[in-house]
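Construct all of the structure, not just a fragment, from the sequences and the given hints.
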Amino acid sequence: MENLSVWPGKPYPLGASYDGTGTHFSLFSEAASRVELCLFDDHGSQTCVDLPEVTGFCWHGYLPGIEPGQRYGFRVHGPWAPEQGLRCNLAKLLLDPYAKAMEGEVSWKEAVFPYRFREPEGAPNQDDSAPWVPKSVVINPFFDWGFDQPPRTPLNETVIYEVHVKGFTARHPHIPPEVQGKYAGLAHPAAIEYLKRLGITAVELLPVHQFIHDAHLVERGLRNYWGYNSIGYLAPHNEYSSRGQRGQQVQEFKQMVKTLHEAGIEVILDVVYNHTAEGNHLGPMLSFKGIDNAAYYRLVGDDPHYYMDYTGTGNSLNMRHPHVLQLIMDSLRYWVLEMHVDGFRFDLAATLARELHDVDRLSAFFDLIQQDPVVSQVKIIAEPWDVGEGGYQVGNFPPLWSEWNGKYRDCVRDYWRGEDRTLGEFANRFTGSSDLYESTGRRPFASINFFTAHDGFTLHDLVSYNEKHNEANGEDNKDGESHNRSWNCGAEGPTDNPHILALRARQKRNLLATLFLSQGVPMLLGGDEMGRTQKGNNNAYCQDNDISWYDWGAVDDGLFDFTARLIELRRKHPVFRRRRWFQGKAIHGTGVHDIGWFTPEGKEMEEEHWGEGFANSLAVFLNGEAIPSPNARGERIVDDSFYLLFNAHHESITFKLPEAKWGQKWTKVFSTHELRFAEEEQSFTAGDGVAVEARSLMVLLRGGGPVSSTG
Numbered sequence: 004m005e006n007l008s009v010w011p012g013k014p015y016p017l018g019a020s021y022d023g024t025g026t027h028f029s030l031f032s033e034a035a036s037r038v039e040l041c042l043f044d045d046h047g048s049q050t051c052v053d054l055p056e057v058t059g060f061c062w063h064g065y066l067p068g069i070e071p072g073q074r075y076g077f078r079v080h081g082p083w084a085p086e087q088g089l090r091c092n093l094a095k096l097l098l099d100p101y102a103k104a105m106e107g108e109v110s111w112k113e114a115v116f117p118y119r120f121r122e123p124e125g126a127p128n129q130d131d132s133a134p135w136v137p138k139s140v141v142i143n144p145f146f147d148w149g150f151d152q153p154p155r156t157p158l159n160e161t162v163i164y165e166v167h168v169k170g171f172t173a174r175h176p177h178i179p180p181e182v183q184g185k186y187a188g189l190a191h192p193a194a195i196e197y198l199k200r201l202g203i204t205a206v207e208l209l210p211v212h213q214f215i216h217d218a219h220l221v222e223r224g225l226r227n228y229w230g231y232n233s234i235g236y237l238a239p240h241n242e243y244s245s246r247g248q249r250g251q252q253v254q255e256f257k258q259m260v261k262t263l264h265e266a267g268i269e270v271i272l273d274v275v276y277n278h279t280a281e282g283n284h285l286g287p288m289l290s291f292k293g294i295d296n297a298a299y300y301r302l303v304g305d306d307p308h309y310y311m312d313y314t315g316t317g318n319s320l321n322m323r324h325p326h327v328l329q330l331i332m333d334s335l336r337y338w339v340l341e342m343h344v345d346g347f348r349f350d351l352a353a354t355l356a357r358e359l360h361d362v363d364r365l366s367a368f369f370d371l372i373q374q375d376p377v378v379s380q381v382k383i384i385a386e387p388w389d390v391g392e393g394g395y396q397v398g399n400f401p402p403l404w405s406e407w408n409g410k411y412r413d414c415v416r417d418y419w420r421g422e423d424r425t426l427g428e429f430a431n432r433f434t435g436s437s438d439l440y441e442s443t444g445r446r447p448f449a450s451i452n453f454f455t456a457h458d459g460f461t462l463h464d465l466v467s468y469n470e471k472h473n474e475a476n477g478e479d480n481k482d483g484e485s486h487n488r489s490w491n492c493g494a495e496g497p498t499d500n501p502h503i504l505a506l507r508a509r510q511k512r513n514l515l516a517t518l519f520l521s522q523g524v525p526m527l528l529g530g531d532e533m534g535r536t537q538k539g540n541n542n543a544y545c546q547d548n549d550i551s552w553y554d555w556g557a558v559d560d561g562l563f564d565f566t567a568r569l570i571e572l573r574r575k576h577p578v579f580r581r582r583r584w585f586q587g588k589a590i591h592g593t594g595v596h597d598i599g600w601f602t603p604e605g606k607e608m609e610e611e612h613w614g615e616g617f618a619n620s621l622a623v624f625l626n627g628e629a630i631p632s633p634n635a636r637g638e639r640i641v642d643d644s645f646y647l648l649f650n651a652h653h654e655s656i657t658f659k660l661p662e663a664k665w666g667q668k669w670t671k672v673f674s675t676h677e678l679r680f681a682e683e684e685q686s687f688t689a690g691d692g693v694a695v696e697a698r699s700l701m702v703l704l705r706g707g708g709p710v711s712s713t714g
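At position 17 of the sequence shown the residue is numbered 20 (this note's numbering), and the sequence of numbers has no breaks.
Hints should not be assumed to be uniformly reliable.
[What the hints assert, rightly or not] Straight-line C-alpha distance at most 27 Å; calculated DSS-like pairs for lysine-lysine:
#  : residue 1 : residue 2
1  : Lys199    : Lys575
2  : Lys538    : Lys410
3  : Lys112    : Lys199
4  : Lys606    : Lys659
5  : Lys606    : Lys538
6  : Lys588    : Lys668
7  : Lys588    : Lys659
8  : Lys410    : Lys481
9  : Lys575    : Lys671
10 : Lys588    : Lys664
11 : Lys606    : Lys671
12 : Lys261    : Lys199
13 : Lys668    : Lys606
14 : Lys659    : Lys671
15 : Lys664    : Lys575
16 : Lys257    : Lys199
17 : Lys588    : Lys575
18 : Lys481    : Lys588
19 : Lys668    : Lys575
20 : Lys410    : Lys588
21 : Lys588    : Lys606
[What the hints assert, rightly or not] Cβ-Cβ distance ranges computed for the label pairs, FRET-style:
#  : residue 1 : residue 2 : range
22 : Glu611    : Val377    : 44 to 54 Å
23 : Glu683    : Ala663    : 18 to 28 Å
24 : Asp151    : Gly427    : 42 to 52 Å
25 : Asn480    : Asp44     : 20 to 30 Å
26 : Cys51     : Glu470    : 33 to 43 Å
27 : Asn480    : Thr24     : 51 to 61 Å
28 : Glu341    : Gln373    : 17 to 27 Å
29 : Glu470    : Gln152    : 45 to 55 Å
30 : Gln152    : Glu422    : 39 to 49 Å
31 : Glu470    : Asn283    : 26 to 36 Å
32 : Gln152    : Ala557    : 33 to 43 Å
33 : Glu677    : Pro176    : 25 to 35 Å
34 : Pro123    : Ala557    : 42 to 52 Å
None of these hints come from the bench; they were simulated from the model.
We treat Cβ as the ideally placed atom computed from N, Cα and C, and that holds for glycine.
If you want it as structure tokens, here you go:
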């Protein structure tokens with residue numbers, strides 16, 4: 004690499020851009036006085052050249068002959084003044100914030116840190132970090148997408164499957180070992196066939212941005228399995244590539260998306276723009292910290308030696324800086340335009356809204372999303388909280404956003420546990436949480452409904468353990484959610500008691516049925532449909548092993564079939580996935596109510612009933628003839644009508660069906676007391692008593708004539 008020719012180039016685009024004959028490099032740094040581009044050959048030898056031009060704090064140059072697969076990094080000359088928030092250190096090789104691929108991982112030597120362990124507040128550590136850190140990689144941007152088209156599934160028709168790229172296929176017996184746990188594994192026909200048979204419409208992938216395995220985990224023989232420790236916002240994580248790490252991961256990721264799209268499945272990314280893997284003032288120097296610490300991170304105002312931490316990870320990105328906002332928006336657009344993903348779930352999204360301290364729903368970040376012609380057109384989902392003061396923001400995001408509805412999770416869990424909440428809250432959650440979203444102009448699909456997610460117990464463990472069992476994490480079982488309120492399902496953990504096993508299985512079906520019959524967007528934690536267990540670990544973030552991976556030899560086929568039938572029922576019947584809110588009154592032009600709530604005695608609920616506890620149970624009528632939203636052809640949707648009977652009580656309850664104007668004949672679709680959907684027709688007529696077993700849900704299909712006016 005001797006005698007490299009370097010031309011001035013241009014400030015944009017940032018990062019490394021191959022044009023077919025050479026590569027353009029550009030790096031933003033307001034703190035730098037000089038920037039070196041370091042190129043590495045196959046033997047690890049480096050050649051450094053200065054980027055010759057700086058325009059608007061973007062250091063840039065063009066190198067003819069530099070091709071895809073080239074490894075590189077930056078060294079930034081500038082002030083070392085931590086007390087002023089300035090941390091430039093020439094000895095540290097820095098990853099390109101705009102790198103589209105990275106090779107290798109961090110080896111946790113002292114050289115990776117900008118200070119000496121024995122004297123963290125002393126002089127900077129001048130040991131060269133290059134041998135111990137990943138390298139950025141120039142990629143080939145060209146890919147044959149063929150006729151790839153995004154499925155563009157409407158939100159109200161979407162069923163999300165939260166899944167880990169590696170864990171899903173790491174032990175799959177019908178997927179070749181060389182692609183198990185890889186992007187190609189998720190695109191394998193066996194994986195696609197499973198997802199199609201289940202009926203989901205979108206996979207939500209746990210983080211696939213390049214991330215780092217934390218030093219404290221590596222020291223304990225663990226790894227950052229979940230990946231919420233990003234270091235590269237445009238680079239697909241290299242460990243999930245079966246083809247190599249010199250840009251092949253980009254091609255493999257694109258092929259995965261293309262294959263999933265061909266199957267009609269969307270790809271949503273869980274993205275972590277709230278913090279990076281560089282931690283606090285005692286963390287490593289890998290990229291942003293050494294490029295321009297004060298620009299990229301929120302520092303403590305009166306003492307910029309330290310970092311603001313709204314995430315519990317040591318730092319928070321500085322959303323007030325235009326180049327940080329630009330990095331995030333450039334990243335989002337790249338994943339949509341170049342990688343063809345269909346949406347994003349924003350981890351700890353409340354942090355992104357913080358401009359000074361308080362969460363501001365009209366912050367610059369939200370404004371940028373709203374006006375962006377690319378990002379505003381894909382699915383945008385918030386995890387609407389962080390760990391800072393005032394960080395719980397469920398219901399407070401702008402109209403474009405859907406939100407993980409934590410109140411739905413808590414309420415539905417409490418309902419089936421028999422906890423002391425009100426029927427009114429349960430009705431709100433079941434019908435889309437209009438109390439949270441309607442006033443901001445949003446629709447029921449603003450609510451992403453879930454009862455389990457990657458963070459916490461799996462469904463199987465939720466109903467099987469009263470206490471967490473995180474001993475394998477090496478933190479004396481002190482990490483994770485403190486406890487699991489009792490599900491009254493008997494003994495702790497594994498058991499052979501048939502009564503306890505039956506009750507646990509019924510509670511699983513109760514939660515699944517409630518999820519897929521609720522208005523809003525259902526999100527299923529991957530593996531819940533097959534009975535996946537983490538053996539009581541409710542914080543398996545560091546368990547890259549059998550604790551987290553799917554056990555394909557222990558699939559609960561009955562639970563899978565039940566879940567698939569629920570998803571199919573939802574798909575066939577738009578009354579379970581309305582685009583607009585229930586009104587609770589006669590819809591104009593139809594003369595019928597769209598929804599009705601009933602006591603077990605078959606009487607319409609009165610105002611005083613809504614404040615009563617869950618144990619009283621209730622029933623709900625969903626009118627398929629009163630769906631206000633037309634279909635794509637402008638035709639009014641007419642669906643079947645259903646009567647749902649909820650009994651969270653510890654004893655069986657006989658529900659009396661309402662008078663004939665709500666329906667003369669009813670046919671049983673399923674009861675969660677039973678292992679599967681009804682195989683033989685069981686019918687009832689208006690006024691009949693219907694026994695609903697303890698802690699179970701029954702669904703009836705109206706089989707009589709049309710519903711008459713209810714007044």
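* Asked: Within a Cα-Cα threshold of 27 Å, do lysine 112 and lysine 199 meet the stated pairing?
  -> violated (46 Å)
* **Range hint 42 to 52 Å (beta carbons of proline 123 and alanine 557) holds or violated** => holds (48 Å)
* Asked: Within 33 to 43 Å or not, the Cβ separation of glutamine 152 and alanine 557?
  -> Distance hint for glutamine 152, alanine 557 holds at roughly 37 Å.
* Asked: Going straight from one Cα to the other, do lysine 588 and lysine 606 come out at no more than 27 Å?
  -> holds (16 Å)
* Assess, step by step, whether the Cα of lysine 606 is no farther than 27 Å from the Cα of lysine 538, and give holds or violated. => Given that 27 Å is the threshold and the Cα spacing comes to 44 Å, the pair is violated.
* For the range 42 to 52 Å, tell me whether the beta carbons of aspartate 151 and glycine 427 fit it or not. => Roughly 46 Å apart at Cβ, these two residues keep to the hinted range, so it holds.
* Assess, step by step, whether the Cα of lysine 588 is no farther than 27 Å from the Cα of lysine 575, and give holds or violated. => Between lysine 588 and lysine 575 the Cα gap is close to 24 Å, so the pair holds against 27 Å.
* CB-CB spacing for glutamine 373 and glutamate 341 relative to the 17 to 27 Å hint -> Taking Cβ atoms as reference, glutamate 341 and glutamine 373 lie about 22 Å apart, which means the hint holds.
* Could you tell me whether the CB distance from glutamate 470 to asparagine 283 stays inside 26 to 36 Å? => About 32 Å separates the Cβ atoms of glutamate 470 and asparagine 283, which means 26 to 36 Å holds.
* **Hinted pair lysine 481 and lysine 588, Cα distance within 27 Å** => violated (50 Å)
* **Hinted pair lysine 659 and lysine 671, Cα distance within 27 Å** => With a Cα-Cα distance of about 14 Å, the restraint between lysine 659 and lysine 671 holds, given a limit of 27 Å.
* Asked: Is the straight-line distance between the alpha-carbon of lysine 588 and that of lysine 668 27 Å or less?
  -> holds (22 Å)
Comparing the model with each earlier hint shows violations of hints 3, 5, 18, 25, 26; every other hint is respected.
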